[in-house]
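A.B. asks: Let chain A serve as the given structure and place chain B on it in line with the hints.
These protein sequence lines map, in sequence, to chains A and B. For what it's worth, the numbering used here labels the leading residue of the first sequence as 1, then goes sequentially. For what it's worth, the numbering used here labels the leading residue of the second sequence as 321, then goes sequentially.
Don't read these hints as lab results, they were simulated from the structure. From the three backbone atoms N, C-alpha and C, an ideal C-beta is built for every residue, glycine too. Hints are supplied without guarantee of correctness; some may be wrong.
Label-pair restraints from in silico Cβ distances [claimed, not checked]:
#	chain 1	residue 1	chain 2	residue 2	range
1	B	436	A	193	47 to 55 Å
2	A	151	B	752	56 to 64 Å
3	A	197	B	594	16 to 24 Å
4	B	619	A	5	54 to 62 Å
5	B	479	A	254	45 to 53 Å
6	A	40	B	389	57 to 65 Å
Facing chain A, from chain B, some residues (calculated, C-beta under 7 Å) [said to hold, decoys possible]:
#	residue
7	516
8	517
9	520
10	523
11	524
12	640
13	641
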Amino acid sequence: MSAGRLGKDLLGLEHLSADDIRLILDTAEPFKEISERAIKKVPVLRGKTIVNLFFEPSTRTRVSFEFAEHRLSADTVNVATALSSVSKGETLVDTARNLEAMRIDMVVMRHPSSGAAKFLADRIKSNVINAGDGKHEHPTQGLLDLLTIRDHRPIEGTRVCIVGDVLHSRVARSNIWGLLKLGAEVAVCGPQTLLPMGIEELGVRVFRRIEEAVEWAAVLNVLRLQLERMQGGYVPSVREYYRVFGVTLERLERAPRELLILHPGPMNRGVEIDSRVADGPHSVILSQVTNGVAVRMAVLYLLAGGRPELAESAKGAPER
Amino acid sequence: MRPILIRGGRVIDPASGTDAVADVLLVDGKVTAVAAKLAARDDADVLDAAGCVVAPGFVDLHVHLREPGREDVETIATGARAAVAGGFTSVCAMPNTDPVTDNQAAVGFIVSQARRAGSARVYPIGAVSVGQKGEQLAEFGELVGAGAVGVSDDGRPVATAHLMRTALEYALTFGIPVIDHCEDLSLSAGGSMHEGLVSTRLGLKGIPRSAEDVIVARDLQLAELTGGHLHCAHVSTAGAVAMIRAAKARGVRVTAEVTPHHLVLTDAACEGYETNAKMNPPLREPADVAALRAGLADGTIDCIATDHAPHHYDAKEQEFDNAPFGVVGLETALGVAITELVDGGVLSLPALVRCLSTRPAEVAHLPAGTLAPGAPADVVVFDPSAAWTVDPARFFSKSRNTPFAGRKLRGLVRWTIVGGALAHRAADRPAR
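Next comes chain A alone, as it looks inside the complex (with noise of 0.2 Å):
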């Protein structure tokens, strides 16, 4: 186990200083450059150890640290649950503490449950990474949104909305957090019943109206909406929904400004977003995809105790 400043995991943005975020954003800047070269790889964490545990299927999130993994020469191990130990009736601690034996240096998880991120940070050495639990946090998904803003417009003073199913969204959480700390001002839209109780107590603005969200924002971050609300009665329809909150062109098209579109993936195109605006000129979705594995292997080195001044001498020259 090691601790640089940010102490020994990253579990949220909630608890984070503004410094810490900007401390992160601001490492993953020359790191971005290493994905762009012929051979993606330094050796910032030759001879470290981490395990990927994902409790939930993932393709993204659990490639995009993959790579930021290996392109830092970290020796890697996944395990998904289907195949594990955890489908035998392991407890998570347990799972953990063997994990553990093994003399592992750090672990990135996925969970179902809200608290699991903290619930293994508090009973193992090893650094953690909370790679999404539950309803609660996506901080390196939060981080790479932030990247992505700031890479167009200072986030200080900006107009963000969250569209969609803020209620069961780990996206929106650290968003919010990482937004608000960071000066941005945050809003929310979607139907009430896919909206928290209380959430305008974070200072966070509420919208019931797409037309009124796309009226006030710069940016807007469009979540997407799981298919099993429907069964649980949040929303009637697909229909229904695309028709009264989809971001569609020619709701954009009335926007005073251009706004710029984020989207944390998997799509549902023609649900929560127009293809459209997917693929329009405005998306900068795919950014958010390639700026993930940047933040992350900041992550990844910030945590390994690397100092943050030297991550552009740790990468090493660009291989030419």
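C.D. replies: The following block gives chain B in isolation, referenced to the frame of chain A:
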């Protein structure tokens, strides 16, 4: 059995309006005399209660003793022993065991296990419905005949308004309360804590206040319709307190209880995903705590009941959503109540004794809750100013799931006497 003479304590017996320094004499399992200065007797054991309160033994209308079914987390014997350690001489055991206490044989089993254990008296609560399935009414007559003192589907609400109506009506024949766990399951489904800002921040599905309030409203209407005796278990919301207060004012036969934890803790205790703060109903907000305290002080809420709910360490050592609801409470109730409610100016000591003994005994029609001559010699002697620190490793209960671990409390049970026999001394508590 030798007589016991309790000397020089502050005798508080709300049933007879007594609050004075006096001696209490217990002979042959009965209270025989309470007077300023009783003559010494060679045949009596003497307890020096100077500085202590001498009160009728406490009565807990709501405990889960887990036997039969989960003897690994509590048994009738360990639960009854924990009860006397907390000053409780009578406890009412909820029927959500495995199998459910829905027939006379199951009631008889609890009675006989309790008799064998020989500490606190254990009164079974029978199920309202067969198997607590919410369909067919259980045989109240046979349950009462075997020793049940009330009925409840606790752990779950009485499933439908019709079932609640018939239960309240049918219970009139036997003079027993119908105790409801008021929770609309469609509103609480999937929830693991109070719905509010804390649940939003923690990303946990919330249980809104209305999950309790809509069933309290239903039950009050049905109690008014039928004239039956409704007892609302573990009230947790300001709304429920207001409705019960209004119903009592118009003469509805309703009584209510509140737990020590709902009187003291809020949803903030769940921060950090603390599973020992996970209970059902959930810990609510400061405004609810204030309303519960006011309701207890003005008599809207009749009594304090612990909802003692033992769980295994492994069950609580889990992700918050996967951990079971419930906390143990028998051994901390008095200390929490004195520290927070008496020292906090909510209740006087006599009012506290009323909530812990006199009223719950009346609610369930138990032969308890008074030190009147001739009453059963069930007595608690406690030092209201003695300080101690909650150490779950020293509990008599088999389980340790308390939200009060490490708390410094005032109010320590010195002696508990059941039926004229000493059932607990402070010195009995096991070392760590």
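A.B. asks: Look at each hint and say if it fits the structure.
C.D. replies: The hints, checked one at a time:
1. B:436 <-> A:193: 47 to 55 Å: holds, 54 Å
2. A:151 <-> B:752: 56 to 64 Å: Holds, since residue 151 of chain A and residue 752 of chain B (Cβ atoms, about 58 Å apart) stay within the stated range.
3. A:197 <-> B:594: 16 to 24 Å: At 20 Å between Cβs, range holds.
4. B:619 <-> A:5: 54 to 62 Å: Given range 54 to 62 Å: holds, Cβ gap about 57 Å.
5. B:479 <-> A:254: 45 to 53 Å: holds, 51 Å
6. A:40 <-> B:389: 57 to 65 Å: holds, 58 Å
7. 516: This hint holds: residue 516 of chain B lies near chain A, its Cβ roughly 6 Å from the closest one there, short of 7 Å.
8. 517: At 4 Å from the nearest chain A Cβ, residue 517 of chain B passes the 7 Å test, so the hint holds.
9. 520: holds, 4 Å
10. 523: holds, 3 Å
11. 524: holds, 5 Å
12. 640: holds, 5 Å
13. 641: holds, 5 Å
Violated hints: none; the structure is consistent with every hint.
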